[in-house]
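2 protein chains.
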Amino acid sequence: MSLDGCLAGPNLSRERPFGDGPNPLDGWFLQTRTFRAQIGEEGGETGPSDDVAAESMVGIGAYILGRNMFGGGPGPWGEHPQWGDEPWRGWWGPNPPYHTPVFVLTHHPRDPLEMEGGTTFHFVTDGIESALRQARDAAGGKDVRIGGGASVASQYLAAGLVDELEVHISPTLIGGGARLFQSFHGGDDEKRPALELIRTVTGPEVTHLKYRVLNH
Amino acid sequence: MSLDGCLAGPNLSRERPFGDGPNPLDGWFLQTRTFRAQIGEEGGETGPSDDVAAESMVGIGAYILGRNMFGGGPGPWGEHPQWGDEPWRGWWGPNPPYHTPVFVLTHHPRDPLEMEGGTTFHFVTDGIESALRQARDAAGGKDVRIGGGASVASQYLAAGLVDELEVHISPTLIGGGARLFQSFHGGDDEKRPALELIRTVTGPEVTHLKYRVLNH
Chain A
1 MSLDGCLAGP
11 NLSRERPFGD
21 GPNPLDGWFL
31 QTRTFRAQIG
41 EEGGETGPSD
51 DVAAESMVGI
61 GAYILGRNMF
71 GGGPGPWGEH
81 PQWGDEPWRG
91 WWGPNPPYHT
101 PVFVLTHHPR
111 DPLEMEGGTT
121 FHFVTDGIES
131 ALRQARDAAG
141 GKDVRIGGGA
151 SVASQYLAAG
161 LVDELEVHIS
171 PTLIGGGARL
181 FQSFHGGDDE
191 KRPALELIRT
201 VTGPEVTHLK
211 YRVLNH
Chain B
217 MSLDGCLAGP
227 NLSRERPFGD
237 GPNPLDGWFL
247 QTRTFRAQIG
257 EEGGETGPSD
267 DVAAESMVGI
277 GAYILGRNMF
287 GGGPGPWGEH
297 PQWGDEPWRG
307 WWGPNPPYHT
317 PVFVLTHHPR
327 DPLEMEGGTT
337 FHFVTDGIES
347 ALRQARDAAG
357 GKDVRIGGGA
367 SVASQYLAAG
377 LVDELEVHIS
387 PTLIGGGARL
397 FQSFHGGDDE
407 KRPALELIRT
417 VTGPEVTHLK
427 YRVLNH
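Which chain is which? The protein sequence lines are A and B, in order.
Our numbering applies: residue 1 is where the first sequence begins, and numbers increase by one.
Our numbering applies: residue 217 is where the second sequence begins, and numbers increase by one.
By construction, these hints were calculated from the structure, which means they are not laboratory data.
There's no promise every hint is true.
[Unchecked claim] Quick list of in silico lysine to any residue cross-link-like pairs, SDA-like style, CA-CA up to 25 angstroms: (1) Lys142/A / Gly186/A; (2) Lys426/B / Gln31/A; (3) Lys191/A / Asp236/B; (4) Lys426/B / Thr416/B.
Keep in mind it's a predicted model, so treat the numbers as computed, not measured.
Build the full structure now, drawing on both the sequences and the hints.
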């Protein structure tokens with residue numbers, strides 16, 4: 001998250017899942033050894049931010065993502081140069097970094113999409129509670145991680161369905177676009193959970209915060 | 217600042233300088249031994265948050281505040297039960313915690329107001345650059361601290377007049393009201409400074425971040 005509360009800039013699209021402007025994941029997550037291993041690449045940075053990235057991958061049995069995090073554009077599923085004549089299979093490439101079942105919230109039904117490396121995308125059209133139920137079943141007792149984007153994370157927080165919140169504060173100002181806490185803007189107090197800080201790790205640039213969410 | 221970027225809730229007023237909802241200074245600053253000493257009280261909490269509070273007071277030769285931080289209401293200067301028959305002299309009481317010259321940005325001219333303990337409020341009606349000039353002159357080589365609120369801090373940031381930024385992230389969600397980075401919302405990229413994280417301190421609840429502001 002940028003210091004001004006954004007997970008992505010304005011004008012999100014299939015090709016620009018972080019919108020315009022600086023990407024708050026740049027400068028730490030995408031460079032870590034952990035993330036590079038998740039996409040089948042070698043090398044990458046080690047240190048406190050890599051430790052946090054590694055810790056966040058432990059014990060995850062399923063992910064939930066919004067459509068832009070899968071790489072869906074504003075229209076129905078279509079083609080894209082990356083995939084040649086194949087239908088669009090997301091912007092993560094053939095071996096996405098999840099390696100578990102992934103439940104993608106969308107308005108466009110589609111059959112499950114099995115990728116390399118253990119990732120299968122399931123497309124859920126009947127809402128966040130259904131997606132959570134399916135993800136819990138698929139996770140087999142492990143944790144379900146809500147991977148974003150901002151709108152999806154914010155909806156789950158407002159629904160009281162989040163136990164822990166990890167926020168990585170990047171030294172950037174984005175000024176608009178996808179806000180993590182957008183569900184709470186101008187809303188009533190009762191929807192806002194209380195938070196308890198349970199862990200802080202300082203990377204060279206980024207501050208990694210972990211909160212327990214005290215739902216009402 | 218709350219985790220969702222607010223320094224105060226909605227409906228700021230003279231009597232409620234932090235607006236509606238939780239006050240992000242509660243839970244750390246107001247309880248510290250350092251702040252209590254500034255208002256002439258004994259006791260208070262020690263530990264990392266108190267260390268940060270103490271550090272932030274060192275070497276300050278003048279403050280700049282917005283009118284709500286002085287305790288000005290929406291109307292012209294008037295009376296208030298706290299002050300009996302005297303004209304309103306701010307909500308900090310007879311011995312405010314500044315102990316230096318304080319320059320208050322306002323649209324309502326008023327003669328300087330000398331308080332106990334070395335604080336003199338000067339009322340500046342000709343804008344933020346004039347206030348900074350006057351504060352620098354008064355500080356005699358020491359630092360000028362922009363004490364807030366959100367609107368004033370945001371204006372100075374947008375004007376490229378801030379060298380260092382301290383943000384104390386409180387585990388609260390406020391959902392609206394006075395946002396620290398409101399000057400940058402939807403604005404052009406050029407107005408937004410880059411930031412460099414130079415120090416993190418973790419208190420029991422609050423994360424204290426200090427950035428160098430890299431103005432264009």
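Which numbered hints does this structure break?
Result: hint 1 breaks, nothing else.
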